[in-house]
Amino acid sequence: MSKAARIPVREQCAKARVTNFDEVCLGYSLEEAIAEAARCLNCKNAKCVGDCPVAIDIPAFISHVKKGEITEAAKVIAKASALPAVCGRVCPQESQCEGKCIVGIKGEAVAIGKLERFVADWARENQVDTAEVEPKNGRKVAVIGSGPAGLTCAGELARKGYEITVFEALHEPGGVLVYGIPEFRLPKETVVKTEIENLKKMGVKIETNVIIGKTVTIDELLNEEGFDAVFIGSGAGLPKFMGISGENANGVFSANEFLTRNNLMKAFKEEYSTPIKVGKRVAVVGGGNVAMDAARTAARLGAETHIVYRRSEAELPARVEEVHHAKEEGIIFDVLTNPTEILVDDKGWVTGLKCIKMELGEADASGRRKPVEVANSEFVMEVDTVIMSLGTSPNPLISSTTQGLEINKWQCIVADEETGLTSRERVYAGGDAVTGAATVILAMGAGKKAAAAINEMLMGAKQ
Amino acid sequence: MYKIVEKRKLAPQIYLMDVEAPRVAKSARPGQFVIVKMNEKGERIPLTICDYDADRGTVTIVFQTLGQSTVEMAGYEVGDYFTDFAGPLGEASEFIYEDIAELKQERLVFVAGGVGTAPVYPQVKWLQQQGVQVDVIIGARSQDFVILEEEMKALGANVYVTTDDGSYSRKGLVTDVLKGLIDGGAAYDHVIAIGPMIMMKFVAKLTKGYNIKTTISLNPIMVDGTGMCGACRVSVGDEIKFACVDGPEFDGHLVDFDEAMRRQAMYKTEEGRYKLEAEKGSHTGGCCGGKQ
Ligand SMILES: Cc1cc2nc3c(=O)[nH]c(=O)nc-3n(C[C@H](O)[C@H](O)[C@H](O)COP(=O)(O)OP(=O)(O)OC[C@H]3O[C@@H](n4cnc5c(N)ncnc54)[C@H](O)[C@@H]3O)c2cc1C
Ligand SMILES: Cc1cc2nc3c(=O)[nH]c(=O)nc-3n(C[C@H](O)[C@H](O)[C@H](O)COP(=O)(O)OP(=O)(O)OC[C@H]3O[C@@H](n4cnc5c(N)ncnc54)[C@H](O)[C@@H]3O)c2cc1C
Ligand code: SF4
Ligand code: SF4
Ligand code: FES
Ligand SMILES: [Mg+2]
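The listed protein sequences correspond, in order, to chains A and B.
Here my numbering runs 38 ahead of the position in the first sequence, where the first position is 1.
Here my numbering runs 118 ahead of the position in the second sequence, where the first position is 1.
Don't take each hint at face value.
Claimed, not checked - Straight-line Cα separation of at most 16 Å, EDC-like style, residue types lysine to aspartate or glutamate; simulated pairs:
hint, chain 1, residue 1, chain 2, residue 2
1, A, 238, A, 201
2, A, 226, B, 171
3, B, 159, A, 308
4, A, 278, B, 171
5, A, 307, A, 60
6, B, 121, B, 171
7, B, 159, A, 60
8, A, 117, A, 95
9, B, 359, A, 309
Said to hold, decoys possible - Listed below are several chain A residues computed to face chain B (Cβ distance under 7 Å; list not exhaustive):
hint, residue
10, 98
11, 247
12, 251
What the hints contain is simulated information worked out from the structure, not anything from laboratory work.
Model, not experiment: these values are computed from the prediction.
Cβ atoms here follow ideal geometry from the backbone N, Cα and C, with glycine treated the same way.
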């Protein structure tokens, strides 16, 4: 049975979807899910589980799907993951669970992510209640940031009876899930909002528009507002620029700005006030998930869009599925190409991107072959918009206002890997704020570990 | 939700509002700003904090109607709510970290242009309350546009008013008044200028000649206001700064004003552009929202 090909998942056709922001992947039907689940060998020593950062019992949930017991499947997943509808959509499955699937050795791996997504969507649509909340224990924990790390930590602790307040700097909770990842990959109303509503149902309080370090400090939360512990899940939101000439020209944006205007502020919808500028020809510099999201957004806003990446296609850090989708949508990949200057007209607007061709040289310390410039290969790409997607680092707002909170040279908060404990007592941290820009599932894993450690610390203290 | 508890029209197109936002009121310091989002579909609008009252839990904003959002904001009345009001954002003015005894030895002058008079107010208030005597130069297009003059005087500051058309007090630009005061013997140690970009540029140019330390408050386009998008980046010396977290106040002698003015024009709406064009030719009128 395992030799059978993977059940293809229905998608919006590429021609239609580049004209809208609706979700690209339509997901499995119940029949399709059952058929795909049948490809799983239900391994005793399942390799897939080892490479899922939150160790979902994959064979167990898939066996339930096989038998059509979706509620049961949802319960299995809920034991390990608070945001399956999100992870099923955005996890880099090919390098995690699916990368280790036995079936994948000779054929195509079981579509674990798509099955997880199916179960989560089905559970939501059928209002399966997976949340069990213990009675209140009288302890208060503050969670800073409402991205996957914060939401997971909040959920875990709320379930154990803690009184949780999540403080979010923006006006909408969700972190990168709402401001970064576009609607066409992760629907906000149905998926993200529902997850947040579920937390509220468990009694989690969410205070938006509170910038920790500005509106109130961590010390005030602990000493004046009576919180017993704090979890920092403030992400890595500070965008990097290249430092090349012309980078402050009109028409040069960070991917964060471009995506925030579109996703959080909904600039693509006529009735929303926030403007977005996209020219006729756009160059997105970078090759990660963020670059793909920015490029595919620009394409949907009507621009001819190029990805400009200095290594070769094989090194693109983005998920394979996103690269594939981007290509289907007509994004042009200019690989082994590195920008050297942004050309600007006399009014300060972008007119072009000067680039140089690259080739791969010797492998560096990380084992990746280092791109080196090809002599005399400079050329100008005629573009009117440049979107910089070069990575992000943690924002110093919290570290600079919290005495004794240790950070490393990348501005990341130093925290114990197992517990999330920082250099400050009762202050824990996890997710991108600690690791630098990583993944949703790793942030969730960190939120979960910290919740367990906070519980142990406070319940230990109680006795 | 953040309730509007007071609304006053200070001048044609300039409104003051007190908004209930207890957390912001408690932490606000002179020099900082807030981001207001009026409703679900609204944009995030940065506005300087003009006053704050921790006991009442209110924050005062003063804004000029420029384009779509500020015009819509002017339609909000007492009892209405803004869905979002985030802050305080940005760094507080540098002087609040200085030693008061030393501050008292310094001679400070504020240069306020148009609606930029409003963000000057909390700074003057803070200093006067600490016993630091300051001078304030207020410039406006005409008499109707002079705001907060009486309030500044009530704080005990020495106030000089000038209008572009001479309809009130004296005729001329704020830079003329500043130059007159300096040449007349006022040994200023620190000039703080807040107003239209072009005004701040010329103040900085003037004070550079006299080698007087000058602070200006930038108002670039912002989205989040928390350091996440980089829309607000400005060149200061040979560094790139994010005005929302590193500023909004910077050393006026290091800021690349021309670049900042070009960037400010990036998202002008049609109404905004119309208004800005109508105001061309004035250095002191306008607003702190930017003019070419
Ligand atoms: C465009 C884009 C696409 C991505 N695509 C993928 C993908 O396909 N798959 C994947 O696994 N990962 C992807 N990632 C990465 C993933 O989204 C992040 O690793 C993950 O969201 C990190 O979670 P977090 O909870 O640590 O932080 P975040 O999601 O960044 O959330 C942090 C939250 O904290 C808030 N905050 C920050 N400072 C403060 C403060 N001082 N006070 C209060 N609140 C504060 C922020 O506003 C934000 O809401 C993508 C990232 C981006 C930007
Ligand atoms: C730190 C800071 C403090 C400010 N304080 C005040 C204040 O106290 N009172 C006041 O009247 N104005 C203030 N402004 C300017 C105010 O934010 C703009 O006037 C307002 O956003 C214009 O919106 P609009 O839709 O009405 O106009 P639009 O027609 O959209 O734009 C008109 C002009 O306003 C500016 N502008 C537009 N959108 C933004 C934005 N998102 N961020 C910043 N500027 C923008 C641009 O210069 C633009 O050319 C401040 C700006 C900043 C950055
Ligand atoms: S959470 Fe991610 S890694 Fe784990 S099973 Fe789901 S898709 Fe795979
Ligand atoms: S490794 Fe593949 S076949 Fe084995 S349990 Fe996991 S998903 Fe099923
Ligand atoms: S407004 Fe986004 S970084 Fe300053
Ligand atoms: Mg506007």
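Evaluation of the provided hints:
Distance hint between residue 238 (chain A) and residue 201 (chain A) is fulfilled; the C-alpha atoms sit about 11 Å from each other, no more than 16 Å. A distance of roughly 37 Å separates the Cα atoms of residue 226 (chain A) and residue 171 (chain B); the hinted pair therefore is violated under the 16 Å criterion. At most 16 Å may separate the alpha-carbon atoms for a hinted pair to count; residue 159 (chain B) and residue 308 (chain A) meet this at roughly 10 Å. For the proposed pair residue 278 (chain A) and residue 171 (chain B), the alpha carbon gap of about 38 Å is over 16 Å, so the pair is violated.
For the hint pairing residue 307 (chain A) with residue 60 (chain A), the CA-to-CA distance comes to about 12 Å; that is within 16 Å, so the pair holds. The hinted pair formed by residue 121 (chain B) and residue 171 (chain B) meets the criterion: a straight-line CA distance of about 15 Å does not exceed 16 Å. Restraint check for residue 159 (chain B) and residue 60 (chain A): not satisfied, since their Cα atoms lie roughly 19 Å apart, outside the 16 Å limit. Proximity of residue 117 (chain A) to residue 95 (chain A) is assessed by CA-CA distance (about 9 Å); at most 16 Å being required, the pair is judged to hold.
With a C-alpha separation of about 32 Å, the suggested pair residue 359 (chain B) and residue 309 (chain A) falls outside the 16 Å cut-off, and the hint is violated. Look at residue 98 (chain A): its Cβ only gets to about 39 Å from chain B, farther than 7 Å, so that hint breaks. Given the 7 Å rule on beta carbons, the hint for residue 247 (chain A) holds: about 4 Å separates it from the nearest Cβ of chain B. Of the supplied interface hints, the one on residue 251 (chain A) is violated, with its beta-carbon coming no nearer than about 10 Å to a beta-carbon of chain B, more than 7 Å.
Hint violations for this structure: numbers 2, 4, 7, 9, 10 and 12, all remaining hints satisfied.
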